[in-house]
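Work out the full structure: start from the sequences and follow the hints.
Each chain, written out:
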Amino acid sequence: MKKILAAFVLVICSLTAHAQYQQVNLTVFGMDCAPCAHAIHVSMKGIQGVNTVDVDLNSGLVTIRLTPGSSASMRQFNEAVEKNGFTHKDASVIAKGTITGSAAAPFFEVTGTQDRFALKPAATASDLAALLGKSVTVAGTLPQVAKGKVSDTLRYTIISEGQ
Amino acid sequence: MKTLLLLVSTLVLASSAFADDHGPVFGYATPVNSQGEVSCDTGIFGRNGTRGTQLSTGTGCGYGVTPHFTIDAFLPATFGSGSLPESRIMPGSEWTAGASWRFLHSVTSVGKRIESTASLGAVVTGPQPDSGVLARLHREPGMACTLATGYASRSQYLWVGAGYTTFAPGPNDRRPDTISWSGVYGYRPAKLRRGYDQWDYRGFAELTGEHTGNVRSAGALVPSSSTTSVWLGPSVLAIFKDIAIEGGAQVPIYRDSSESLYGRERVRFAVNISYLRFSGRNSSH
Numbered sequence: 001m002k003k004i005l006a007a008f009v010l011v012i013c014s015l016t017a018h019a020q021y022q023q024v025n026l027t028v029f030g031m032d033c034a035p036c037a038h039a040i041h042v043s044m045k046g047i048q049g050v051n052t053v054d055v056d057l058n059s060g061l062v063t064i065r066l067t068p069g070s071s072a073s074m075r076q077f078n079e080a081v082e083k084n085g086f087t088h089k090d091a092s093v094i095a096k097g098t099i100t101g102s103a104a105a106p107f108f109e110v111t112g113t114q115d116r117f118a119l120k121p122a123a124t125a126s127d128l129a130a131l132l133g134k135s136v137t138v139a140g141t142l143p144q145v146a147k148g149k150v151s152d153t154l155r156y157t158i159i160s161e162g163q
Numbered sequence: 001m002k003t004l005l006l007l008v009s010t011l012v013l014a015s016s017a018f019a020d021d022h023g024p025v026f027g028y029a030t031p032v033n034s035q036g037e038v039s040c041d042t043g044i045f046g047r048n049g050t051r052g053t054q055l056s057t058g059t060g061c062g063y064g065v066t067p068h069f070t071i072d073a074f075l076p077a078t079f080g081s082g083s084l085p086e087s088r089i090m091p092g093s094e095w096t097a098g099a100s101w102r103f104l105h106s107v108t109s110v111g112k113r114i115e116s117t118a119s120l121g122a123v124v125t126g127p128q129p130d131s132g133v134l135a136r137l138h139r140e141p142g143m144a145c146t147l148a149t150g151y152a153s154r155s156q157y158l159w160v161g162a163g164y165t166t167f168a169p170g171p172n173d174r175r176p177d178t179i180s181w182s183g184v185y186g187y188r189p190a191k192l193r194r195g196y197d198q199w200d201y202r203g204f205a206e207l208t209g210e211h212t213g214n215v216r217s218a219g220a221l222v223p224s225s226s227t228t229s230v231w232l233g234p235s236v237l238a239i240f241k242d243i244a245i246e247g248g249a250q251v252p253i254y255r256d257s258s259e260s261l262y263g264r265e266r267v268r269f270a271v272n273i274s275y276l277r278f279s280g281r282n283s284s285h
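Top line first, the protein sequences correspond to chains R and H. Numbered according to our numbering, the first sequence spans residues 1 to 163. Numbered according to our numbering, the second sequence spans residues 1 to 285.
Some hints here could point you the wrong way.
[As the list claims (entries may be wrong)] Derived pair list, reagent style BS3-like, types lysine-lysine, alpha-carbon separation capped at 27 Å:
| no. | chain 1 | residue 1 | chain 2 | residue 2 |
| --- | --- | --- | --- | --- |
| 1 | R | K134 | R | K120 |
| 2 | R | K89 | H | K241 |
| 3 | H | K112 | R | K149 |
| 4 | H | K191 | H | K241 |
| 5 | R | K147 | H | K112 |
| 6 | R | K147 | R | K45 |
| 7 | H | K191 | H | K112 |
| 8 | R | K45 | R | K89 |
| 9 | R | K45 | H | K112 |
| 10 | H | K112 | R | K89 |
| 11 | H | K241 | H | K112 |
| 12 | R | K149 | H | K191 |
The set of hints was computed from the structure by calculation and includes no laboratory data. All of these numbers come straight from a predicted model, not from anything done at the bench.
Below you can see the structure in the form of structure tokens.
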């Protein structure tokens, strides 16, 4: 029994170590001045697993790069924007995770977090049947949602296996 | 902790135009602290006229309870002996504290927003006496409210605001109620719309005005003690990450006040330094 438990923990840990956001590019509306950007920078850096944060005031783009194995979630990024009185728009993400569900209704689970998104193609649909249950890297866009919520859909542009 | 903060915000006054760290130095503006942000201001505010000079210095602190609700307090100290009219645009010797609520916050695009903020609070008599006509009055606490609305962007700012302060009547005296208003236009040149890791500068043209009612002293209205004045002048705000420095001066463009009581107030000026401590605290998931 102990051996089974140990094997189970090992599998879970290995999945977690390979599943996380690598980069999040978040468009933020409402920042007009340097303190606005600095506040966002400080809030994002306060999230465990965030490596670097760049804020471009003129484009409103907040670029967040994460450390390997980070368990930071989209909800935390959104909250960091909201607590400073700003509004988050679309976010483009690159994340590692697992494809679950079915070929007709696939989901992407960022397994180091509790984030789970329905996968929709941004343009041309890919055949995801062969990737079900596999570890993949996905690049795509999370559409804007209301304050306090996280998008439940990820519009993917690239899905690559095992990176 | 939340109860304590609520109690403090209920007990104390609000808002003033006193050196808001993100905005103009004289006029009313809409910015409030972000959630968990602590702001501390200190500065010198001066008024000079033919009847002397009055200087105020002091410390103001604000705390962002939510992204749109801030509590603040301002504890001034005055020196000088100018005989000048009551003013709420310029700080006097009263201790003030209160709460500001940004009840409208509409982001329209990158870098742009339209917002409105209301403030309410109490003005408490400080330990220092006033000077001039006001020095003879038995001072009672008062209440102040302000409303500001405006537009902020990377290039331009526009705010208008108004405030009303009223004091409780004393046994025989009463400080005058004050209506104040302001309009502020701000501009950041294209060359200065740079990254947040460099100094951020912007300039303002600040128009402020005040009307004070008659002073009641020893049970009788003091003749010609009501005043109206309008002031105009430039100010500059410079911010680097968590430090803000701003300064400005104003001269009167309209003045209706008794020279025998108050003399001729000629100039107002302010220099303010702010420290902004943003919160990096986040939920775990």
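**Request:** Just pull the numbers of the violated hints for me, sorted ascending.
**Result:** 12
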